[in-house]
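Starting from the known structure of chain R, arrange chain E on it as the hints suggest.
Protein chains in written order, with the numbering used here: chain R, 7 to 471; chain E, 70 to 564.
Treat the hints with care, as some may be off.
Here are the computed lysine to any residue pairs in the SDA-like style, where the Cα-Cα straight-line distance is at most 20 Å [what the hints assert, rightly or not]:
1. Lys246/R with Pro182/E
2. Lys275/R with Pro182/E
3. Lys76/E with Leu236/E
Computed from the model, here is a short list of chain E residues facing chain R with C-beta under 8 Å [claimed, not checked]:
4. Leu155
5. Gln158
6. Leu159
7. Pro182
By construction, these hints were calculated from the structure, which means they are not laboratory data. Where is the CB? At the ideal position from N, CA and C, for every residue including glycine.
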Amino acid sequence: MLKTIIIKELQNNLYSLRFHISFLLCIVIFVVGTIAFLKNQDAKMQEYSKYRAEFKNQLRQTAESNASRLAANERAFIWRPRANAFISDCKENYFPNRFNYSAYNVFGFEVGRGGTNPFLNTFQELNWSFIVSVVLSFTVLLFTFDTISGEKETGALALVLSNSIPRATVLLGKYISAIITTMVMAVFGIVLSILIVIFSRKVDFTFTTLIETLGFLLIIFLFVSCMAAIGTLSSVIAHKSNISLLLSLTFWLVFVVIVPNTAIFWANKVFSIEHADTIGRKINTADQELRRNAPAGSDTSSSGFPFLPEHKLRAELTMKRMNSEMAIRNSYFQDMFRQLERTRLVSLISPIALFDYMNEAVVGGGYARFKKIWTDLHGYQVQFLQFFKTIDAADPDSPHWYNPWEDLSTTKKAVAFEQVPVFEEKPLSFAERFSFLRNYLVVMIFYIAAVFSLTFVSFLGYDVR
Amino acid sequence: MIWKIAKKEFLLNLMTFKFAVGTIICVVLTAVFMPILAKDYQRRLEDYNENVAANEAELRKVKVYKNITPTAYRPPNVLSVFGEGLEKQLGQSARIELGGVSEISATSTGGNPFLSIFPTLDVTLILKVVMSILALLVAYNTISGEREQGTLKLILSGTIARYQVLLGKLLAGLVTLIVPVTSAFIMGLLILQYFPMVSLAGADWTRIGLMYLVSLIFISVMYNVGLLFSCLMRRASISLVLGLFAWVVFVVVIPNGSVYLANYLRPIEAKEKMDAQVRDLREQANNEIQDLTKTLRTGGNQGFAMGAFRGIFIVYCEKALMDDYKKEYTLSEPVKLKCADKIFEVQQQYLSGLMKQKHLARTIAQISPITLYESLMSALAGTDLASFEHFRNRVKLHTNEVIEYIRSETDNFSLPSYFTQCKEEDYEEGKKWDYDKLLEQSSPLNLQDLPRFSCGPERLTKALPRITTHILLLVFINAIFFTLSFVAFLKYDVR
Chain R
7 MLKTIIIKEL QNNLYSLRFH ISFLLCIVIF VVGTIAFLKN QDAKMQEYSK
57 YRAEFKNQLR QTAESNASRL AANERAFIWR PRANAFISDC KENYFPNRFN
107 YSAYNVFGFE VGRGGTNPFL NTFQELNWSF IVSVVLSFTV LLFTFDTISG
157 EKETGALALV LSNSIPRATV LLGKYISAII TTMVMAVFGI VLSILIVIFS
207 RKVDFTFTTL IETLGFLLII FLFVSCMAAI GTLSSVIAHK SNISLLLSLT
257 FWLVFVVIVP NTAIFWANKV FSIEHADTIG RKINTADQEL RRNAPAGSDT
307 SSSGFPFLPE HKLRAELTMK RMNSEMAIRN SYFQDMFRQL ERTRLVSLIS
357 PIALFDYMNE AVVGGGYARF KKIWTDLHGY QVQFLQFFKT IDAADPDSPH
407 WYNPWEDLST TKKAVAFEQV PVFEEKPLSF AERFSFLRNY LVVMIFYIAA
457 VFSLTFVSFL GYDVR
Chain E
70 MIWKIAKKEF LLNLMTFKFA VGTIICVVLT AVFMPILAKD YQRRLEDYNE
120 NVAANEAELR KVKVYKNITP TAYRPPNVLS VFGEGLEKQL GQSARIELGG
170 VSEISATSTG GNPFLSIFPT LDVTLILKVV MSILALLVAY NTISGEREQG
220 TLKLILSGTI ARYQVLLGKL LAGLVTLIVP VTSAFIMGLL ILQYFPMVSL
270 AGADWTRIGL MYLVSLIFIS VMYNVGLLFS CLMRRASISL VLGLFAWVVF
320 VVVIPNGSVY LANYLRPIEA KEKMDAQVRD LREQANNEIQ DLTKTLRTGG
370 NQGFAMGAFR GIFIVYCEKA LMDDYKKEYT LSEPVKLKCA DKIFEVQQQY
420 LSGLMKQKHL ARTIAQISPI TLYESLMSAL AGTDLASFEH FRNRVKLHTN
470 EVIEYIRSET DNFSLPSYFT QCKEEDYEEG KKWDYDKLLE QSSPLNLQDL
520 PRFSCGPERL TKALPRITTH ILLLVFINAI FFTLSFVAFL KYDVR
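Chain R extracted, bound-state conformation (with noise of 0.2 Å):
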């Protein structure tokens, strides 16, 4: 009997004029993204080969004059565009994407603008993600709001329950019928627009962008139950068509506007972090306090002889300055860091954040790809030093007195560029991703099943007349 009424459902979403226009306005959404996806992706890795080759030969020419400047100057790491990021771009756009480093420390991290134009409001490209979260959210929505309240208003439901179906099979049939038809549509675009990314031959359609964009169906999937169950749930609460649509509206608003603009002001008010004009101050402080204390001819430069006294101690204030500028700094990275966290916390309220923070695991993108090179270039900066120090120690001419800043007192002999230590960033495994995304899920699984279940009990109790 589901089956029945699953199939005729079908039939009538089908021939609907709702799916028509959004099953036409998803197509366009998808072609036309996927196109300016592929012509942007091609500039910005002419950009970005262009920018490691030079980055490279820097390090050729500063590895084969001196090895202290090597390991002292500032250098930084940009994250390559991402591949895959037809599905998801995770707003990398707006991430801090460039990090600060040097053999003796990470500095930091920035929002390195690149290609993009400050001036132009956050925006969302036309990806897969996209397409899902706003305008099918949208669209599964306008399939279910009134599978039961208009079906009560023509008095067609009165007919069905009249026969020997149990409601839960009703109930079922019409969710599970959505759920399809939103799919249909999903899917449809996702193999159009892999054709175009495939035929076009500017970016790779791996073995691993093909598990990815599995993943990506899965969470589809229960991304577009969970609208579907609120749209029932809308549906089932009121008596009159009109209203569910007005309630499942609102909830969209909700869930697409009001939480994502409201979270930047949950994030400063309730989860508040100083202000960066007030860790410089402080940084300043510690630093004339050093300063101040530190033993008399640490602050003079003047003779280039090596083993001059004077050096070691100025060698011992700045990596005592460093330090302490960076233990500041990165108890402020970690303030950062939960802020932002507990900021997406607040905003799980919304399935619609939620599958975006799915998103993230499955193509390996945005935070969860921040924090594996955050904590790499962590090990990797521990093994450059250890490089330096290495080379530093076979040098007889080096008082060997380690100055983050100058090449005085350490080694200035040329090191092969080859043995060089280079950063380059290693895509997050699927261990990885899933450990990120599990406690999405179960939040995702347990939001369907309360959404649903409070609609069947509802529905168990809903009025046909």
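Only chain E this time, still in chain R's reference frame:
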């Protein structure tokens, strides 16, 4: 007759559930968010005051003219609570430095960079999202709904003309929608007034009045969109679905798509490229200075200290060295200034690329009345790109003023007071310098007549031509949608 219809429709609208929900949501959202927005403004104002005070305190510590490198801060705009625009996105300060270009970072600093991924919130958002949906909901069944009920037939069987019916309905819808818009504005202003640090000047009230007017025109556009679909379709539910799709396209697809397309059609140069050009120019200038001053000494008996704005200055130095320094600065500062001008040009070029892209995106997005409305609101609030340019120009002017001041005080950078606190007459043959004592004894410069930076918002009269064209465009779109509905309604089959 029009009035009769309008009155009847208005009263009917007032009784509906959607009207109640829409108005309540609008007022409640304003009531909830206005305090948050006002507090946020207060916090930014406090930050601003603190920064300006810190800057002033540093200025009082300046001992040599070379170290006058204050920072110009942009005061926060109180009207950003109505239309945030780019207010928080763009840089709020610029360091003024001789020889260096006061770089205004185009990205705002100071907050958590991760939070820039979350979108913004202001009164415009509430109005554009909630009110536009409400307008559609009020409009969608005016014609098709009455046809379904059969009342349309009855009305038109009388002597009344079709245009009268349509006008009456338009009037009724607008009067209905004025209620929530007005209550949201009044509510917002009342709450805003309650905050002690907020003070609205006369010009602000004019701007707010214009915002209110623009909001009404915008609501009328959205009502006419709903009316059009109502006149085109025979069933109310279908006109609603179409209206909602149009809304999604207007509110989500076009704003995002336009930016995406602008990126695609008019790619911008990478910032790194401009940075590299700037680096090259600096290097060139440095080389030139080195060439000019290679005969001069730099080493000798001297002591440095860190002064105001973390600038280094000379506490004492021997006579010969001082003369060389004097020559050096007279030669090097003009080169630096010239280099700064060149850097400004390069930056200007890069920025104009960014701005062209922005304009393109905005032009594309103007197909959607919602984006048009949004950009109008930020223009009226003085938080759009033009206000950023205004700040940039003010900074440039101020930089020149400061440089002129330093130049006149130090006789073209040739006086010792430009780089050292010690006087020429202090010098004696074979004198022992006491660094600590000298540092303590020296008094800071008197900078009473140094020009201070101030930057009010751009004048409304200057922004008016731009705003007027946009308002006219909005009115035009309004007229088009109404004409279309009128044409559709003339042929409408009322059976």
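Which earlier hints can't be squared with this structure? As far as the earlier hints go, only 1 is violated by this structure.
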